[in-house]
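Dock chain A against chain B, hints included.
Residue numbers (this note's numbering), protein chains in the order written: chain B, 544 to 765; chain A, 544 to 765.
Hints may be right or wrong, so weigh each one.
The list makes no distinction among identical chains, and a pair is therefore deemed to hold if it is satisfied within one copy or across any two copies.
[Unchecked claim] Straight-line C-alpha distance at most 27 Å; calculated BS3-like pairs for lysine-lysine:
#1 Lys740 x Lys719
#2 Lys760 x Lys720
#3 Lys599 x Lys760
#4 Lys719 x Lys761
#5 Lys760 x Lys719
#6 Lys701 x Lys754
#7 Lys701 x Lys719
#8 Lys720 x Lys740
#9 Lys566 x Lys701
#10 Lys740 x Lys558
#11 Lys719 x Lys558
#12 Lys599 x Lys719
#13 Lys720 x Lys599
#14 Lys566 x Lys720
#15 Lys740 x Lys566
#16 Lys719 x Lys566
Calculated directly from the structure, the hints in this document are not laboratory data.
2 protein chains.
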Amino acid sequence: MKNVKVLKSVLVSNKERAAENRKFFDRIGAFVVNVIASPGAGKTSFIGSVVARLPKDYRVLVIEGDIRGQIDSERLAQLGIDVVQINTETACHLDAFMIAQVLPQINGPYDLILVENVGNLVCPAEFEIGEDHKLAVLSTTEGDDKPYKYPLLFHLAKVVVINKTDLLPHIDFDLKKARAGILQENPCALIYPVSSKTGDGYEAVIAHLVKELDASKKTHTS
Amino acid sequence: MKNVKVLKSVLVSNKERAAENRKFFDRIGAFVVNVIASPGAGKTSFIGSVVARLPKDYRVLVIEGDIRGQIDSERLAQLGIDVVQINTETACHLDAFMIAQVLPQINGPYDLILVENVGNLVCPAEFEIGEDHKLAVLSTTEGDDKPYKYPLLFHLAKVVVINKTDLLPHIDFDLKKARAGILQENPCALIYPVSSKTGDGYEAVIAHLVKELDASKKTHTS
Numbered sequence: 544m545k546n547v548k549v550l551k552s553v554l555v556s557n558k559e560r561a562a563e564n565r566k567f568f569d570r571i572g573a574f575v576v577n578v579i580a581s582p583g584a585g586k587t588s589f590i591g592s593v594v595a596r597l598p599k600d601y602r603v604l605v606i607e608g609d610i611r612g613q614i615d616s617e618r619l620a621q622l623g624i625d626v627v628q629i630n631t632e633t634a635c636h637l638d639a640f641m642i643a644q645v646l647p648q649i650n651g652p653y654d655l656i657l658v659e660n661v662g663n664l665v666c667p668a669e670f671e672i673g674e675d676h677k678l679a680v681l682s683t684t685e686g687d688d689k690p691y692k693y694p695l696l697f698h699l700a701k702v703v704v705i706n707k708t709d710l711l712p713h714i715d716f717d718l719k720k721a722r723a724g725i726l727q728e729n730p731c732a733l734i735y736p737v738s739s740k741t742g743d744g745y746e747a748v749i750a751h752l753v754k755e756l757d758a759s760k761k762t763h764t765s
Numbered sequence: 544m545k546n547v548k549v550l551k552s553v554l555v556s557n558k559e560r561a562a563e564n565r566k567f568f569d570r571i572g573a574f575v576v577n578v579i580a581s582p583g584a585g586k587t588s589f590i591g592s593v594v595a596r597l598p599k600d601y602r603v604l605v606i607e608g609d610i611r612g613q614i615d616s617e618r619l620a621q622l623g624i625d626v627v628q629i630n631t632e633t634a635c636h637l638d639a640f641m642i643a644q645v646l647p648q649i650n651g652p653y654d655l656i657l658v659e660n661v662g663n664l665v666c667p668a669e670f671e672i673g674e675d676h677k678l679a680v681l682s683t684t685e686g687d688d689k690p691y692k693y694p695l696l697f698h699l700a701k702v703v704v705i706n707k708t709d710l711l712p713h714i715d716f717d718l719k720k721a722r723a724g725i726l727q728e729n730p731c732a733l734i735y736p737v738s739s740k741t742g743d744g745y746e747a748v749i750a751h752l753v754k755e756l757d758a759s760k761k762t763h764t765s
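Pulled out of the complex, with its shape left as it was, chain B reads as follows:
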């Protein structure tokens, strides 16, 4: 009988490539947040609102994922934000290999890299890209049942931003029910209701982010 040797696959898995990306981000001292949401939940507005409110000494880069075009990149660049665009052509999510392709374009150092994933509440959650954590944006207009129906993202996201609270008087959205659905998936989730239109709620988001960034800096330099 011949010896059968199990050889390690020559293909690097997404998980392995994500770990390599992570090493790169660690080297340049960047804290990386993977921003995931449905189309039109307000990912770009959220990112713009965060960068506008973050103390100016934090250096921020946005990696912008879109199937096609650069509508969001242009919006963010107009706000004076550094942006690297990825067009996935047909793919419904960003993966670690797409991120790896743009790393050579990142001329650090950055304190914070916000990755705006393709608008999709399902697939992007399945692919690690080398992020520190995932952040979900759920908009009130999508309905309070979404965490119950699309569990994976809410299971994995450390932070959930509930956006478009300014529209609450005009729609049926039960914040308590949404909260309960999120916490059912992840009892440790940090939930921040905000309105990117009025700016309501951003103070708490920024306070949290600054705490995260400062803790991350201590880890990097220790």
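The following block gives chain A in isolation, referenced to the frame of chain B:
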């Protein structure tokens, strides 16, 4: 040298399975619409609104696709609508094989089968399920740029329903821009702005659907 025979794959493709599903739907005389949209765009409300307004002699079935749970099925069943539930567990779309699995549960005859796909503006468009055509629901709260950023669905959908027009006074949504984006992808798209909350615009949707159903009946019986 050995002869190399190219054998036809024993695996049936999604396209082939969709063609089989289509034969089944033709046999029971059903016109099938694949309803696709982002999470929370209002697919279930749209379906409920259509069935409530359709003349009562049309027999309607809904095939309900969700990753998990049966929140939407229960909503529709409470309206007295026949529903068959598919839970995809993790899959981000319905495919022809999932539909095939529930065909034995369909005790026709039905004039119209509305398939509510998983909430996702990207992946469901890639999979035929045996439908007569795809119908996209775009909600105003998602933004007027969606047809530009998520082209495939708008390229393929014969009908695009723009939902939540009741919220137009409270948001920035340019109906002209959305229309132009849809028509850029598909110059023949039929676009119907509606509000499932107030019922505005449904008259035109129902008139179109009745025309489609009657034309389909003529084809089936000829």
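Here's how the hints hold up against the structure:
Proximity of Lys740 and Lys719 under a CA criterion of 27 Å is satisfied in both settings, with 22 Å inside one chain copy and 22 Å between copies. When the C-alpha separation of Lys760 and Lys720 is checked against a cutoff of 27 Å, the pair qualifies neither within a copy, at 36 Å, nor between copies, at 44 Å. Taking CA atoms no more than 27 Å apart as the test, Lys599 paired with Lys760 passes inside one copy only; the shortest distance there is 16 Å, against 66 Å between copies. In this assembly of identical chains, the alpha carbons of Lys719 and Lys761 never lie at most 27 Å apart, being 36 Å within a copy and 51 Å across copies at closest.
Taking CA atoms no more than 27 Å apart as the test, Lys760 paired with Lys719 passes in neither setting, with 35 Å inside one copy and 47 Å between copies. Proximity of Lys701 and Lys754 under a CA criterion of 27 Å is satisfied intra-copy only: 14 Å inside one chain copy versus 49 Å between copies. Only within a single protomer do Lys701 and Lys719 lie at most 27 Å apart by alpha-carbon distance; the minimum there is 18 Å, versus 38 Å between protomers. Taking identical chains as interchangeable, the C-alpha atoms of Lys720 and Lys740 lie at most 27 Å apart whether they share a chain (23 Å) or sit on different chains (21 Å).
Only within a single protomer do Lys566 and Lys701 lie at most 27 Å apart by alpha-carbon distance; the minimum there is 21 Å, versus 47 Å between protomers. Taking the shortest Cα distances, Lys740 and Lys558 never come within 27 Å of each other, neither inside one copy (37 Å) nor across copies (44 Å). In this homomeric assembly, Lys719 and Lys558 never come within 27 Å of each other (Cα to Cα): the closest approach is 35 Å inside a single copy and 43 Å across copies. In this assembly of identical chains, Lys599 and Lys719 lie within 27 Å of each other by CA distance neither inside one copy nor across copies; the values are 35 Å within and 38 Å between.
Taking CA atoms no more than 27 Å apart as the test, Lys720 paired with Lys599 passes in neither setting, with 36 Å inside one copy and 35 Å between copies. Proximity of Lys566 and Lys720 under a CA criterion of 27 Å is satisfied in neither setting, with 39 Å inside one chain copy and 43 Å between copies. Proximity of Lys740 and Lys566 under a CA criterion of 27 Å is satisfied in neither setting, with 36 Å inside one chain copy and 50 Å between copies. Proximity of Lys719 and Lys566 under a CA criterion of 27 Å is satisfied in neither setting, with 39 Å inside one chain copy and 46 Å between copies.
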